[in-house]
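So the chains spell out like this:
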Amino acid sequence: MIYLLVFLVVTTLIIMIPVRRVSLFTAGISIFITTAISSWLAIDVLLSEALSDRGLLSVLHEYFSSLIICDKLSAFFILVINFTVITGFLYSTGYLKPYLKDKPALWVKLHYLALVWLQASMIMVPLLRNGFYFLMVWELMTLSSFILVIFDFDAKGTLKAGLTYLIQMHVGMLFILAALIISSKGYRSLTFDNLEYYFLNNPNWPVFLLFFIGFGLKAGFFMLHTWLPDAHPAAPSHVSGIMSGVMIKLGIYGILRITTYLLDDFAVIGAFMIIISAITGLFGVMMAILQHDVKKLLAYHSIENIGIIGMGIGLGIYGTAIGNNIVSAAGYAGALLHTLNHSLFKSLLFYSAGSVIGQVHTQNVEKMGGLMKLMPYTAWAFLIGALAISGIPPFNGFISEFLIYTSLFNGIGSAEFYPLIIFFIAMFSLVLIGGLALLCFTKVFSVIFLGQPRSDYHVKPVEVGPVMLLAKLLPVIPVILIGILPFVVIKPLISITNSLFRVDNIIPAETFSLPFKFISIGAGLLLFIVAIVMIIRKMLLLKRITTTGPTWGCGYCAVDSKQQYTATSFVQEYAELTRPIIKTGHTKINYREDEIFPGERDFHTHSDDFIRSKIIIRPADFIINVLRRAAIFQTGKLQHYVLYVLLFLVFIFLLTYLKLI
Amino acid sequence: MLILFYILFGISLVYIAATEKFKHYIQIYTIQGILLFGMAIIELKNFSFLNLTFILAETIIFKSIVVPYILRKIMQRTGIFSVHKRSVLGNYTVMLMMIILGISLLLAKVLSIPSVNEVYMVIAYFTLFTGLLLISVRKYLFGHLVGFLIIENAVFLFSIAIGNEFPMLVNSGILLDIFIAVLIMSMFLTRIGHKMGGFEADTLSKLKD
Amino acid sequence: MTALILILITSLLTTGLIVRTKSIVSGRKGPGLFQPLKNIWVLLRKGLVYSETSGIITRIAPVVVFSSLVVASLMVPAAGFKPLISFNGDFILFAYLLALSRFMMIAASFDTGSSFEGMGASREALYGMLIEPALFILIAGLVVFTGGYSISTIFNLPGGKYYSLIYGLIVSYILGNIAIVENSRVPIDDPKTHLELTMIHEVMVLDTSGFNLALIQMTSLLKFAIFGSLISSTIIPASLPVFWRLVAFSGVQLLFGVILGFIESFRARFRMNRNQQFILTVILISVLFFVVILFTKNIL
Amino acid sequence: MLAFYFIIGIILTGLIFLFPQRKNVHIFTFLFILIQISFTLLAFLKRNTTDLTYFTYDSLSLIFLAILALISSTTFYHTLIYTRESGHLNRSLFYSSFIILNMSLTGVYTANNLIVSWIFIELTTLSVAYLINYNRSAASLEATWKYIFICSVGIALAYIGILFAGAASGIAASGDMSFSGLKSSFQNINPMYLKMAFILILAGYSSKLEVFPLYTIGIDANYTAPAPVSAFLSTALVNGGFVAFFRVFNAMSDTIISPWINHVLVITGLLSLIVAAIYMQKATNLKRIFAYSTVEHMGLVLIAISLGKPGIYIALLQITFHSLIKSGLFYQTGILHRVLKSYKLSKSGGYLRINPIGAIILITGVILITAIPPSSLFYSEFLLLRELGDGHLAIFVIVAFLLTLIFYGIFLKNSKILIGEPVHIHSDAEAIPHVEYITQFILFSLAILFCFYIPGFLNDLIISVSGLTDGFFFSIFNF
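Residue numbers (numbering that gives the first Met the number 0), protein chains in the order written: chain W, 0 to 660; chain U, 0 to 208; chain E, 0 to 299; chain S, 0 to 478.
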């Protein structure tokens, strides 16, 4: 494990070389090297049939550290991580350009250093089972991402968001530690493998719950999510992409890892996971719709997608509980695939949003508009991302949701009464989530990219540079490929799930591959028909005249951008519908009596996250206030200090006298 | 005979708690030094020149001559002879002394050492608590210093009551320590008296969060 | 293949049927049965006018909408004939294809930067979001009921384990309501209304013209046909001989059109804020249906 | 050998007063540092031998002697800049008391006799007075007064405790107060006196240990002293207090009152943690914040040693790592003060813009002190929490909660200074020569190294102190 230290030191030394180009370059090199090695390992493991100690893994064991254990789950996550980190790095090279002027050079270096460390630690997380080292890399991950988040420290609220993130992650770490300690009571070393024996003869759900809180804080499940909507808007876009794309997925990894050890209480845990995930997903998307800050909106969508993934995991566990292998296999597979998909389209969306923000210098969607003409490629990237995240064919989001639906309907078709209720709730919320996501992304895409600009851009936005476009193109390719040819991914997925989870008799991949064949046929047909109709239209229009005219405004032709439909008005009916759940406050200044010629007015609506305000902020403030009030004992008077000694002695005497100690 | 010394010592403590003229402090402290000398002599088991000189140095020379001299010097240097400001009124102080007396009785009873006469222990505790009391109720630093000296006397009382006998080297080390402590304290006290123009303890309550 | 042909044929007629019924009921001479087709034909031969603000989305949206519905129609059985595409969970694909068309419609309506089309878009999005659960709950109920996992099996109630006309009628009722919302007909929306502020579907296509408008209208015809044939397959046993099946099918389609026509001529459209209530009612009914299935499936 | 050491030290002190020119003073002090280091090395060679009958170079003393050598040399280096433009007498006094402080600390570490260690503890109090008052400001005068006075009172209490111990153990007459003798004689006596003695000694030495109840003076001293001196106080001096206390604890540890002792220790530690947590939120001054973090770590150490042999192992690790990191932090704080001209949070900010390298070092230090990996404190606190969680889950929860609060406080305050808005940038802010960062670099890199690999000799020393037989802590290092 000393090699981790060596790695850290070496990267530090290299990157701190006082030439900016060098730091960027070396960061890139080291990221690519790490990617190459770890991906090699991962692919090696994925291709090998059983979990065997061969190939690179054996080399690792021989020459490096036998702590590294790589099974298919780890391999899968490593691949996911590497892809997004690579794109993120590419994107960052373009994205950070404007900042290089006004940030200290050393700070930029530190940023890249943190990026390198983040990748290293994220790759180490799935590879380690030993509690000490696991927590170490876990904390390293938190630390480096914290440094990444507070990159733009001049901006208001960045620091606060970063600190919130750091503290909550620290708490999560403590929860994981507690769970580990409890589960390995009486063992010398603290590893996850102790869980096998612990679960064998203890109730499973309490420790699972502890782990769930610990990892859920990272993943951002309901009530544990409050850091997400603050951290993502504060962070630079590539960081948001990486964090939301892969880092929070490591929380999912943790939960999956624990799930592999489960031996009992499947019904309880599964039901719990399904319900909490359903709430998470609904809450996330319902909050997301009401956001005007595009990155905040995307952050809430991460919460929603975590909900979907968690639902998949829950279905997997519950399927084991009711002994239905198709349900659990489809559930796990859906969860894994959605993990991959979300990492793809969420990073894509964040990169596109970042490019837009970099051009228009605001995160408020109400101030954007008409950007599709100005930055078409970004717009297309965002459109694809939006369609994919809404789970619309022929894109990858649909495939993973299809898997989860398959699991659900198989459950519904074959289950008893109470399971049916669970499945029904899951199904209902999943459908609602889909519809709401559609509503949300129609809104955000249309408002940002379509129509006319809603505010005059001081600098005319232009399309971003080729590197950033490449960073967007890279995720687009798998997004479409998985959408059109799903049956290629299903086989490895099923092999992973079968190798991991207690799916009794192995599900043949054919169970899923037939629908997927048809889906790809459908997708192909769709594209084909679109092409055909286009061609027909073209041919017809050859003879006809195609003109442009003003937009129809009831005969009023001087329509300008002020009269466009805004995001707020678009979701107004929805907001009224959800008022009982989510309060939408608005701030406005009324006219004074003496105002004959009313001046400028502005009107803001904002929706507050009631979990954040009521369950996190209020108690925290309470504690801090109590502490502040407790501070009066330090009077600075010498006599009082002496008195404290006396009191201390008396206190101890009393305790002793009362036999309390 | 010895008991008389102890009782006298106790009375001196009551006085020192009641008064607030620095002159009286110094006088009472001198008296206490002499009393301690008497006790030490009586308690002394094996008469040897070395022990005798040591006790002489520790009590008469140190407690009755040197320290009072230093205290006088402080008075003259700072020109402050008494402070009429108290956090607790004199008669309340005396009441507190009574309570303390009770407590020390209790303690001496609870932790009675078979080989030692309880009265000695009572007085020793009484002295200790008086010192602490002086520090905590008096609002001026001179009183604090005196309180510290009283505590040192208490330490001395304890050692003769329990009858610890350390090697001479160690003993002198202890003596030296206390001596230097008093010296440095008085030095700083003078400096504070100059800088802050008084011994109000409240002027020294700036350092806090 | 037969199913597709049948659906296409139906799609040509249903809307006309509705219009005709309305005119007869209201005692007018009214347009002919093929008037909608004539309109489309006219539109197909016209040129195009785009809004200045509109961009690429406006140009592709109608095409995508149309094609997604065509693909969706490939999965729908008609008169007991198997559809071209049928697999476990195809209804998910079906529903999400409808979603795709909705997405593109809304995007297109925003593309013009109009001050009206957004209204329609927002309503469309909201109602679509609300009606999807109704469809899925219905499907879930049918899955429990028939034990199948594809449209052609679950909607084929007569072919299911236990045939009972009651269920068929309930399902058709729910489907009918869903169809009304999806096609935004009365009482949700009145295609013949003349005030932009109260429109839903029509206002979204204000700036669509010529070929594109034709595509949109064909899409709505197709939607009718799809739902009609779904309804028919919930009632007609697949065990009947082909001829009777065809007869029954056309009968059901006829009835569907006529009933819609009657509704349109005797009911006024809702106020906008009543619409959500209506849709929630539909959801509630389908939940009710699901519960009924849940409790009766062991008895049956 | 020790005699030579003391004699040379005293001679050098005299020389400093005789030749008070700046260069000479520095040379003499430097000589003393060399002697200190060489003495430490010799002590390592003469391990477990007794010197002058009252001093033994046992494992415990060796650990702390090593730390002392490291820290006093670095402190000396950093004080040079502070004594640049001070008068001759001032400088001489400063360095002479620095030397005496070093010698008395050496005495405390190596003393094998209760009384002797007491004497040297008192000596540290007296010799540190001038270092604290070096700035001659009203605040420093106040701090010094409080420090001397309360330390003297506390130590008098401790002395009474010692007397009790002697009386209780019945060896008062013989006057043999060596720890080994006490350990044997404590076995069969009335626990009441033993408790009395222990609580008095704990309360008295708490002024040196910087734990509840007498932590306040330590905070003030750290606050007013020059930054390098603060580094010295909150590491070497605190370690001295720890050694003196730990020897007493060790002598009493396997008597019948050891459960009671452990309870008292846990209570004291928790109280210290609470105090640290409270004032961490309120403190508005960087040095005070770090001083409170010292209180926190000493509280953790007390909790640790109440856990038996593994606990002692953990405590020694903790205190070693803490010494490394905290001293480095205080050096950096001094540099920060020279750049920003203030320790106050309200008056400073934007350190990252003004002095990036220093800022990076400060960030590193904060990360290390809050026990985030790759900090070696992460290792020790991980072990501590593991031990707590294994038996005492309630304490685990409380400690974890308090640690989180402290974590929050430190990060909040430091981020304000590092990347908050610059209040006013001083044009005369001197450019810091990079060579001054070397000490922090060395200390921090050591602290990071120990997280992954603990050198054999250190480990042997700690193992032999804690009396662990099986090296079970290395099962987590299963390479």
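A few of these clues could be false.
Pairs of lysine-lysine residues, derived as DSSO-like cross-links and limited to a Cα-Cα distance of at most 27 Å, are as follows [claimed, not checked]:
id, chain 1, residue 1, chain 2, residue 2
1, S, LYS281, U, LYS207
2, W, LYS155, S, LYS340
3, U, LYS207, W, LYS636
4, U, LYS207, U, LYS194
Derived from the structure by calculation, the hints contain no laboratory data.
Values in this document were obtained by computation on a predicted structure and should not be read as measured data.
Right, here's what the structure says about each hint:
{"no.": "1", "hint": "LYS281(S) <-> LYS207(U)", "in the structure": "holds (10 Å)"}
{"no.": "2", "hint": "LYS155(W) <-> LYS340(S)", "in the structure": "holds (26 Å)"}
{"no.": "3", "hint": "LYS207(U) <-> LYS636(W)", "in the structure": "holds (9 Å)"}
{"no.": "4", "hint": "LYS207(U) <-> LYS194(U)", "in the structure": "holds (20 Å)"}
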